[in-house]
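Protein chains: 2
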Amino acid sequence: MTRLEIIGLEDFGDVRRGDSISELIVGACVRQALTLTDSDVLVVAHKIVSKAEGQILRLDEIQPSARALELSRELGKEARLVEVILRESRRIIRKGGGTIIVETHHGFICANAGVDLSNVGLGRVALLPRDPDASARKIREEIQQRLGVAPGIIISDSFGRPWRLGTVDVAVGVAGLRPVKDDRGTSDRYGYELKASVAAVADELAAAAEVVMGKKGEIPVVVIRGYERKGEDGSAQELLRPEAEDLFRSF
Amino acid sequence: MTRLEIIGLEDFGDVRRGDSISELIVGACVRQALTLTDSDVLVVAHKIVSKAEGQILRLDEIQPSARALELSRELGKEARLVEVILRESRRIIRKGGGTIIVETHHGFICANAGVDLSNVGLGRVALLPRDPDASARKIREEIQQRLGVAPGIIISDSFGRPWRLGTVDVAVGVAGLRPVKDDRGTSDRYGYELKASVAAVADELAAAAEVVMGKKGEIPVVVIRGYERKGEDGSAQELLRPEAEDLFRSF
Chain V
1170 MTRLEIIGLE
1180 DFGDVRRGDS
1190 ISELIVGACV
1200 RQALTLTDSD
1210 VLVVAHKIVS
1220 KAEGQILRLD
1230 EIQPSARALE
1240 LSRELGKEAR
1250 LVEVILRESR
1260 RIIRKGGGTI
1270 IVETHHGFIC
1280 ANAGVDLSNV
1290 GLGRVALLPR
1300 DPDASARKIR
1310 EEIQQRLGVA
1320 PGIIISDSFG
1330 RPWRLGTVDV
1340 AVGVAGLRPV
1350 KDDRGTSDRY
1360 GYELKASVAA
1370 VADELAAAAE
1380 VVMGKKGEIP
1390 VVVIRGYERK
1400 GEDGSAQELL
1410 RPEAEDLFRS
1420 F
Chain S
1170 MTRLEIIGLE
1180 DFGDVRRGDS
1190 ISELIVGACV
1200 RQALTLTDSD
1210 VLVVAHKIVS
1220 KAEGQILRLD
1230 EIQPSARALE
1240 LSRELGKEAR
1250 LVEVILRESR
1260 RIIRKGGGTI
1270 IVETHHGFIC
1280 ANAGVDLSNV
1290 GLGRVALLPR
1300 DPDASARKIR
1310 EEIQQRLGVA
1320 PGIIISDSFG
1330 RPWRLGTVDV
1340 AVGVAGLRPV
1350 KDDRGTSDRY
1360 GYELKASVAA
1370 VADELAAAAE
1380 VVMGKKGEIP
1390 VVVIRGYERK
1400 GEDGSAQELL
1410 RPEAEDLFRS
1420 F
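Chains V and S, in that order, give the protein sequences.
For the first sequence, this note's numbering gives the first residue as 1170, with consecutive numbering after it.
For the second sequence, this note's numbering gives the first residue as 1170, with consecutive numbering after it.
In short, the hints are calculated from the structure, not lab data.
Do not take every clue at face value.
Copies of the same chain are indistinguishable here, so a pair counts whether it falls within one copy or spans any two.
No farther apart than 27 Å at their CA atoms in a straight line, the calculated lysine-lysine pairs in the BS3-like style are these [claimed, not checked]:
id : residue 1 : residue 2
1  : K1385     : K1246
2  : K1364     : K1246
3  : K1264     : K1399
4  : K1246     : K1399
5  : K1364     : K1399
6  : K1264     : K1246
7  : K1385     : K1399
8  : K1264     : K1364
9  : K1385     : K1364
Construct all of the structure, not just a fragment, from the sequences and the given hints.
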């Protein structure tokens, strides 16, 4: 039977700068009597990675630029927060309704550059990890050193979407799995050759994990069991649509 | 332990016009010795619903309009297919690269109005169900009549996204569950009030289901077990962002 299991790691505790995410994962698995295997995929909420890597800023230490002050007035959004968003961005894609949609230095297009005020302490904001693929690889390598197994790793964040309400989690960092599942060139049972069948499976696994994680940070890591992980490498960059093929970037 | 199970229903066989999806689901569950409960959520690929409802067209019976012929030349896309897409649409949002992004009569914004050539037979196309929420409610009511339990139902389709490559499944029809999980107004462990924490959980469950379904139609229905389904009603329309709040619709 085709069956996927999505298991939340609980009692993770608060993550602090310098903590080892792999050590915390291994500890939580031990407490839950969960034996990781090479075929598991772990989805890790980016927030705890950002905390461990010190990607947390105190807003009262931020000096807003003239541009941030101008945008702050235009959008009714706190100037220091706008300043942090601008620093994390290559460019603004769109703004309005109190939201700035930007392209981050990583190439992600998302609201507020992924800068987030929840689950980090009052007056603080979490940035995305500087290089989420590298963060994912580090977690994977350390788990392999500790346990001798190398599960796939996805680092996730909650992104909004145009046209649809609500956030859906996506992969911002990937290690040890192909982020897309490409069925192009194969045929369906009628002999029709599949032409557009590329599923963003790392995003789908991140979305699945969010259902278990929730939004309050209690379950920051989820083990996905039963997915036939393909490949040993992969990058979240592969999920980014090149600008030339994008109908909703340049106006 | 917080755990979600995603179980594929196999050996579904080909679905034909007039077939009862609920009867096929009940049959597949019996063969897999799977006892459905009120707290399960079933994700049903829209393709089998469209087939059962006769939402399949033969392209050689379609007469393209002048507008379809013009767009066909512009996009290098088959004129009969373009004609079907136009008939399924309220308006075109964007076009280019062989793709037309439209707003369907339901209000979904997606490529090619959800008109799909795979898994329906050569020369045929599947449309979306005419009223996917109603289709979901019908499946739910019939399962309740047959088994005395009423699981939540999600009808799913694979949508592309701006900015990111690959498709991710989303909910186009919903019955018996709240499609969004609204944590706004509650606080995180630091006392920060969550302001933007609305997860599109029906979309996340649809995405999770796709990982098990795959793209070749062998597993058109998935049972999700362990999700704490809220509410007895809900509509996929609740997942649509109102135009006035949308930064990527009107240019």
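(request) Could you tell me which of the hints above the structure violates, numbers in ascending order? (result) The structure conflicts with hints 3, 4, although it agrees with all the remaining ones.
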